[in-house]
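Listed below, chain by chain, are the residues.
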Amino acid sequence: MPNYAYIVLVPLLPLAAFVVLGLFGRRYFRGASGSVGTLAVLVSTGLSVWTAYRYFFVDGIIGDRNADGGYRQVIALKAAWLSFSPGLSIDMSVILDPISVMMIVVVSLVSLMVHIFSLGYMKGESRYGTYFAFLGLFTFSMLGLVLSGNIFEMYIFWELVGCSSFLLIGFYFDRPTAVAAAKKAFIVTRFADLGFLIGILILSFHAETLDFRTLINRLIEPTSQLAGITTASFLGISLLSWGLFLVFVGGAGKSALFPLHVWLPDAMEGPTPVSALIHAATMVVAGVYLVARLYPVYAYSDPAVLRVVLYVGVLSAFLAAIIACTQTDIKRVLAYSTMSQIGYMMLALGTFHPAGEATTLGFTASMFHLFTHAFFKALLFLCAGVIIHRMHSNEMKDMGGLRKLLPLTHGCFLIACLAIAGIPPFSGFFSKEDILLAAWHADKLVYGIALLTSGVTAFYMFRLYFSIFWARPMREAGGHHGEAPLTMKLPLVVLALGAVLAGFIPFSRLVTYDGMPQAAHGVGVFAVAPVTLAVIGILTASYLYRKEGGRPAKFAAALGGLYRLAYHKFYIDEVYSFITKKIIFNLIGKPAAWIDRNIVDGLMNVVAAATAGISAGIKGLQSGKVQDYALYFFAGIAGLTILFIYLYT
Amino acid sequence: MSQVPLSHILMLSAALFFIGMYGLFTRRNMITMLMSVELILNSVNINFVAFNKYLYPDRLEGVFFTLFVIAIAAAEAAVAIAIIINLYRNFQSIDVEDADEMKF
Amino acid sequence: MNLSLLIIMPLITALAVVFCRTMGGIRWVSLAGVSVQLLLSFGLLALYWRERAAGNGAAMLFEYSHAWLPSWNIRYHVGVDGISVAMILLTAVVMEAAILVSWSIKPMGKEYFILLHFLSAGAYGFFLSLDLFTVFFFLEVSVIPKFMLIGIWGSGRNHYSAMKLALMLMGGSALVFVGLVGLYYSVGGLHGFDWVAIGQMHLPAEVQRRFFPFLFLGFGIFTALFPFHTWVPDGHSSAPTAVSMFLAGVSMKLGGYGCLRVAVFLMPVAAKEYSPVIILLATIAILYGAFATMMQSDLKYINAYSSVSHCGFILLGIGMLTRTAITGAVMQMISHGLMTALFFAAIGMIYDRTHTRLVGQLGGLLKVMPFISTVFVFAGLCSLGLPGLSGFVAEITVFMGSWQRAGELYRLATILACASIVVTAVYILRATGQTIMGPVKVASYNGLGDATWNERLAGVLLGACIIAIGVAPFWLSDLLEPGVRAIMDHAGNAFGIK
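Protein chains in written order, with our numbering: chain A, 20 to 668; chain B, 3 to 106; chain C, 6 to 503.
For the record, the hints were derived by calculation from the structure and aren't laboratory data. The model shown is predicted, which means the values in this text are computed figures rather than measured ones. Using N, Cα and C, we set each Cβ at its ideal position, and we do this for glycine too. A hint or two may mislead.
[Unchecked claim] Facing chain C, according to a computed beta carbon distance under 7 Å, are these residues of chain A, among others:
#1 L61
#2 P105
#3 I206
#4 L220
#5 D615
#6 M623
#7 Y667
The whole structure should be built from the sequences, with the hints applied where relevant.
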């Protein structure tokens with residue numbers, strides 16, 4: 020059994036960077052903070068890649084490597100952390116299986132690229148050291164999350180990821196919009212985490228364990244002692260389904276799926292490299308990862324739960340694509356694009372059905388898309404970072420004709436757009452095609468919507484592309500500084516390479532639902548429809564946006580109310596705002612505070628006042644007048660006399 | 003001739019007693035209060051003598067007690083007047099409501 | 006180890022302070038005394054571990070007993086087990102931080118420090134006592150110093166708050182006394198007030214039912230049991246910083262400790278019968294306290310109401326009567342004590358500089374005073390249960406433990422308690438966003454200084470303890486386990502649940 024214990028260094032090195040930079044960065048490291056953080060993540064990336072090599076090609080295989088060998092799960096290490104009762108404890112355990120190894124490569128690689136990019140982007144920033152400290156904290160949390168072998172351990176890292184996100188979104192803390200966005204992100208994801216927590220409580224109580232492997236084994240065992248979880252029900256739905264549904268709610272919040280997506284566009288207030296790392300490639304896919312981690316249980320349980328996953332996924336994908344067509348802020352377009360792509364990943368996971376063709380294609384397709392998406396989305400955000408850095412603005416109306424000014428960015432952006440639109444031979448084509456194939460086998464309607472969405476995706480991405488790099492007369496290169504420093508160009512090139520080549524990795528051989536390789540299916544006639552739609556989308560965008568003109572405005576006016584609805588993001592933010600301010604604050608919060616101040620406390624004050632009143636009444640007896648005292652004296656004697664007469668006769 | 007019934011004398015002394023009590027509780031002038039106290043004492047005297055004559059005619063304890071009460075009433079009247087004079091010196095009034103410093 | 010040292014040490018320090026002439030002398034003598042107490046507490050922990058490792062499985066260690074009032078069988082009886090050791094550590098740490106934070110108190114500094122030492126002596130005695138009368142004695146010792154400290158050195162409506170606090174706490178003590186006397190006569194006066202001996206008996210159910218409400222309610226008032234929690238917001242907010250830290254950090258835990266060790270331990274049958282009521286009141290406190298906190302605009306009121314909400318977890322854990330839930334309740338006592346002391350310290354530091362506690366008048370403090378702001382954010386994150394800090398450990402233990410009690414009502418209570426984490430996040434982030442982040446509200450704030458050495462030390466001390474529990478909770482749960490097991494074993498089948 021090979022020893023993977025060194026894997027604990029992979030998350031711990033960025034943590035060390037956080038501690039060192041957090042405590043000493045301001046005074047002792049200053050400008051060198053970036054290098055410290057980058058170095059730590061560099062070593063982590065190296066270790067991750069080496070582990071991936073070892074796992075996938077050397078050690079992890081069971082059975083014959085070339086025939087049916089699958090990949091097994093390896094528990095690299097396990098240490099009891101908090102014990103509730105014998106058998107039920109939170110352990111710090113590290114699990115290595117195809118998805119976790121894939122994820123540590125993705126997370127550490129993208130984090131490394133973002134670190135290098137930030138060396139140039141954040142140069143001169145006053146809280147340089149703090150920035151890299153927070154990046155290190157985030158990287159630690161995310162790596163810990165994907166390596167977690169215990170469901171509560173994953174929850175711990177889940178919350179830490181949320182906290183790092185809060186700290187990074189609110190990095191420019193003197194901007195009220197940034198503060199508000201950070202708060203919103205934290206609170207919306209916290210609300211979703213509540214679902215996750217209750218789901219954990221339900222599942223762990225019935226399975227009597229928190230360890231992933233044991234939990235999954237016990238919950239899918241049809242003859243186990245856990246009759247309770249499948250027969251017990253609440254409101255007609257079995258407890259197992261409730262548990263899984265609530266866990267999915269937690270994942271949906273973190274992954275910004277409808278209707279818990281409202282925090283993601285606002286999160287663009289953070290620095291752009293942060294958006295690239297957290298809100299594009301890593302944190303937002305945590306929800307998808309969670310469902311994938313518990314996939315055997317989802318597959319085993321009531322198909323209704325996976326139906327919910329499927330529909331929420333496709334709805335998010337479609338809605339986000341529509342909204343992205345109308346936004347004018349570059350980062351917001353990319354944010355909605357992220358939401359849409361995550362919708363694709365979720366819907367792929369939801370396509371499981373017990374019998375029939377390609378039952379578990381969805382799992383592989385989802386993970387494949389997660390992998391490729393990380394590359395081209397991070398690339399898109401980093402290109403946006405270069406553009407914003409250069410043009411000092413986020414709005415599309417300030418751009419135009421930047422082809423010569425930012426040539427490398429232009430090339431990389433184009434590659435990323437082609438990848439996301441699903442044009443062969445870029446990576447996005449392969450992963451999206453797998454998803455659509457899985458959807459076709461599951462539900463034709465969902466397939467239709469997903470297909471349409473891919474066309475819309477191509478449209479809005481190329482709308483963005485043309486608006487930035489074409490649309491106006493070309494601006495000449497030159498000026499006092501070049502396109503960008505080397506530290507900002509290098510990650511673009513690396514990620515672009517990834518976006519091009521990642522599609523050729525034989526994912527179905529490596530990452531599957533049960534570890535066994537699946538036959539890779541060739542690209543066939545099925546690919547015609549999505550590619551055609553994508554090309555139509557690109558051409559439409561070119562027609563409308565390539566040259567500056569009134570065509571888009573006329574088109575928008577023709578759509579009228581629909582356009583307005585999409586522009587205002589379907590008024591979902593307003594609904595949330597109404598619910599929180601008018602309902603929760605006014606109808607619950609204020610009355611609670613009022614009742615406490617006036618009624619509960621008032622009761623105590625009334626008691627005190629009553630006591631004081633009685634006292635004031637009684638003290639009148641001490642009048643100081645002799646005759647009153649004489650009267651009391653007489654009254655007492657009269658009373659006693661009557662008493663004695665009554666008692667003794 | 004038949005005797006005056008005992009109950010008549012007792013009623014007389016009771017009436018005097020309660021008149022005396024009323025006077026003690028309601029009069030503001032301290033001398034008048036003293037007079038009422040004398041009334042009370044004297045009503046008690048009548049009671050003693052009456053009981054002695056009607057119930058125990060051959061004994062004299064009641065009468066002796068009455069003599070004691072008369073003597074003590076006289077002494078007490080002297081002391082009370084002395085107190086009233088002192089109170090007058092302090093409060094410039096013999097109204098009992100003006101001497102009310104022993105209150106809350 | 007002579008446990009009485011812990012009670013005598015604060016009294017000696019108070020005496021030494023009496024003889025000091027300068028303010029500086031008073032401060033350093035107090036600090037020295039409190040540091041010695043801290044060392045003694047750590048020493049106690051080490052000795053305790055050594056005894057347990059050596060195989061000593063007795064329920065109480067380091068016992069010492071001396072007859073006090075023999076005619077009523079009242080003894081001065083002290084001893085510790087894991088739960089007591091943890092609470093003593095909490096008291097020592099909070100007192101050290103409190104003395105450090107009170108460095109520049111004026112006027113009448115000497116009286117202030119003397120009263121603080123009396124407070125701590127009362128707390129130590131309470132946690133050490135094994136005789137019910139002595140428990141009551143030490144409970145009362147600390148009420149009058151609190152009254153004077155808030156009334157003289159407090160701010161805002163301090164006279165009203167001091168009076169309300171003193172009267173309500175004395176009301177609680179009166180109820181406790183009724184319960185104790187009832188117990189005394191029920192066991193025939195033979196064992197008197199001896200907690201250990203009564204603990205080995207099984208009291209008849211009727212007796213338990215009669216006196217449990219008195220004891221639980223009386224101690225519960227100390228821990229902000231709804232609806233008798235209203236002394237908390239006014240009391241904590243009007244008190245000077247160190248007193249708020251002690252009140253919220255240690256004093257409120259006296260109630261929880263009493264509820265657990267006296268009420269629930271001695272009367273398990275009644276505890277089981279009354280547990281739905283306890284759970285109902287605790288859940289109300291958690292949620293209603295959280296919603297009320299959301300609407301406050303004074304930082305100290307925010308923290309005080311949040312203490313009501315967090316102490317609801319303690320009562321919820323005790324009410325659920327499962328092993329894990331009770332362990333969670335004790336952990337919450339310690340974690341919340343540290344966290345709220347830290348939070349009050351940060352608020353006090355801010356108030357000393359800006360002379361305002363209103364959230365609307367503060368803003369952008371991260372730029373002006375980074376250390377204090379970091380401490381504030383740290384305490385806020387602990388309050389909302391961020392993993393890696395102690396609040397998370399305590400809360401999840403309570404949640405896991407509460408879920409183990411089957412039954413629709415209990416599950417619903419657990420879900421409602423879980424829902425409070427969202428509301429907590431809302432009010433903490435609102436407070437943080439408005440005071441710490443954002444642009445600097447008033448230009449004059451720019452010249453304000455950051456934390457001084459004593460304030461830094463206090464913050465670091467409390468923060469280190471919070472992290473120690475948050476990152477490595479196993480040492481705490483191992484410490485508490487024998488004590489909780491003793492409670493569960495004594496209850497036997499009475500609880501009817503694991």
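Hints, one by one, checked against the model:
no., hint, result
1, L61, "25 Å, violated"
2, P105, "11 Å, violated"
3, I206, "5 Å, holds"
4, L220, "4 Å, holds"
5, D615, "5 Å, holds"
6, M623, "5 Å, holds"
7, Y667, "35 Å, violated"
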